[in-house]
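Please model the complete structure; the sequences and the hints are all you need to start from.
Residue numbers (my numbering), protein chains in the order written: chain E, 1 to 139; chain F, 1001 to 1438.
I should point out that these hints are in silico values taken from the structure, not numbers from a laboratory. The hints are all genuine.
Computed cross-link-like contacts, DSSO-like style, restricted to lysine-lysine with a CA-CA straight-line distance of at most 30 Å: (1) Lys-56/E <-> Lys-130/E; (2) Lys-56/E <-> Lys-20/E; (3) Lys-1249/F <-> Lys-60/E; (4) Lys-1282/F <-> Lys-1416/F; (5) Lys-103/E <-> Lys-1359/F; (6) Lys-1359/F <-> Lys-104/E; (7) Lys-1047/F <-> Lys-1412/F; (8) Lys-71/E <-> Lys-11/E; (9) Lys-103/E <-> Lys-1249/F; (10) Lys-1325/F <-> Lys-1287/F; (11) Lys-71/E <-> Lys-20/E; (12) Lys-71/E <-> Lys-1249/F; (13) Lys-56/E <-> Lys-7/E; (14) Lys-107/E <-> Lys-1359/F; (15) Lys-1144/F <-> Lys-1047/F; (16) Lys-1008/F <-> Lys-1282/F; (17) Lys-1216/F <-> Lys-1359/F; (18) Lys-114/E <-> Lys-1359/F; (19) Lys-1156/F <-> Lys-79/E; (20) Lys-104/E <-> Lys-1249/F; (21) Lys-114/E <-> Lys-79/E; (22) Lys-1282/F <-> Lys-1091/F; (23) Lys-71/E <-> Lys-1151/F; (24) Lys-1216/F <-> Lys-1372/F; (25) Lys-60/E <-> Lys-1359/F; (26) Lys-105/E <-> Lys-1249/F; (27) Lys-1249/F <-> Lys-107/E; (28) Lys-1089/F <-> Lys-1057/F; (29) Lys-1287/F <-> Lys-1118/F; (30) Lys-105/E <-> Lys-20/E; (31) Lys-1287/F <-> Lys-1091/F; (32) Lys-71/E <-> Lys-1156/F; (33) Lys-1249/F <-> Lys-79/E; (34) Lys-114/E <-> Lys-1249/F; (35) Lys-130/E <-> Lys-1156/F.
Bear in mind that the values here come from a model prediction, so they are computed numbers and not experimental data.
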Amino acid sequence: MAIKLEKVVEKFYQGLEEGKFLGRKCPACGAVEFPPVYACNSCGNLETEWVEISGKGVMKSIVLPAALSTKPEYRERMKNFAYGEVEIEEGACFNAVVLGINKKKRKEIYENGKLPVPVHAVTLQRDGYKTVVFELDEE
Amino acid sequence: MNQTTTHKYARSVSIIGVGCTPFMYTVDNPETNGLTEGEMYGYAALKAMEDAGITAKDVDFYFHGCASTLNGMNYLTPNVQIANWFGMKGKASIHHSEACCTGYLAIEQAVNAVASGKYNCVLTGCVEFGDSTPSPADNVETPKHPYKRDKMTMEKFLATTSWLYDRTYARAMMAPIELIYDDAAEDYVRTRGISAQEMDDTLNWMAINNRRNAAKNPLAIERTEFADIAKEKGFDDVMDYMRSPYNPKMGDFLRMEGVERKCDGAAACIVCATEMIPEIAKNLNHKPIEVLGVGCSALEATNPHFEIRATEEAVRQVYAQTGVKPEELDLFYANDFIITSHLIAAEIAGYLPWGEGWKYICEGRTAYDGDKPINTNGGRTSFGHAHAASGLADVYEACLQMRGECGERQVKKLPKTTMLRGYGGAQNIAAVLLRTID
Ligand SMILES: [Zn+2]
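See below:
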């Protein structure tokens, strides 16, 4: 391996167009960076290599959108959704949108002590590109 | 998450002078409408020099901070454009910009410059026009009037706040840019086991306490207490007013009065090598305030609980660097443009006990006249938020409190040790520790 001047961002978004979720894995410690970047933030190794992630994960916190924290585009494209911490099975943690959550659903999740709740990655069309969001797993 | 081991300064550095403008909507008042960047920064800088008993000849270098130079000033090199206003023509300077954390990192930068030994006496100042933009306000490319300004619409402000977030992933993933409003409140409720109603009360009490402090501060932008506003609107109980549509929910937890008052303002400090004070500041007529240390972290908004994790790291660093213990803190400031910050930062710093801080707040113990005062100037919701300048405005207030010069809003016990938790720019964090030199 060698440090390369490489278009990681473009490849990530091209992957989404094909329904693939691409991360980068550290050959030294095995940590996965998602979304993908050059180096390893866990052990400081200077290189990582491409890895396709399964898209399986859990949502660990739930914040519902409100006046300040939403946009007309979001409601149009996503209907019911929430924001929160998602941890994928490969270990990376990040803030993400999870579809299929409204006030009632959140209450159910809380009351049944279901947090962290299983989710899986899906792609969502935005203006000119696809992005990654998550969806509650079917029960 | 990465941690950094920091070390003691090569020599002690102290704040010997502070200056601050009122925080205001300059365009709304004929007396202030038309004030420029050089006048605002210059006023704060000269007041700080006067406070230190020095002249501009005694200052070796200056730092200039502004969060939004293109929007607020139409400048790319704002430190140079104001260089003739405060007697330091030809002296070197640098501009830095860390959004709402700028004013706290302004202290970090200046202290490092003096502690290194290169400079003995440095000015660090910040100016922001958060409420207005050079006229005409249409876009950044059109030629601007020499001094006239237009109001900054909320629409334009919110559109340009996206500049604070990573374009490659954070904006596309949406959640990183939207979690700033409620993430800390959600985390507090979940990890401390309080109810959503208790969190709502706590958020309202923080707004009430901030306003009680600001009511006694002539530099603050909002000076009418909520109890009085409530009465005027026909509410006997201030909490009924705070829970009413007059204070609507803007977030999952956050209400309108828990959000910053964005405005215009400037603030400045003079920092000096402590050993050089007798030589440089012969006319100093108050105690110097030593900067014991500054803990810093930066955590991009894609990372879960960015404010909490980065605050934990900055606080850990500054305690490790200085050997100071949380129980030694007498006074606390938190940049609370989202008011929840005020609660969670004080708990992470150990100024309020973990899981109990919300009770202290609801009992009014964190107002200026309580036993655990926080944001005695009124915080971002009542003192105001002139983004870059807010941190140095907090340092200004902290120094005056530590010198016992705050009059009606002077805290009960003269503070000796103060922590300021800076936050902003999706997200920079600083934990600044100050101590009075006897
Ligand atoms: Zn690694």
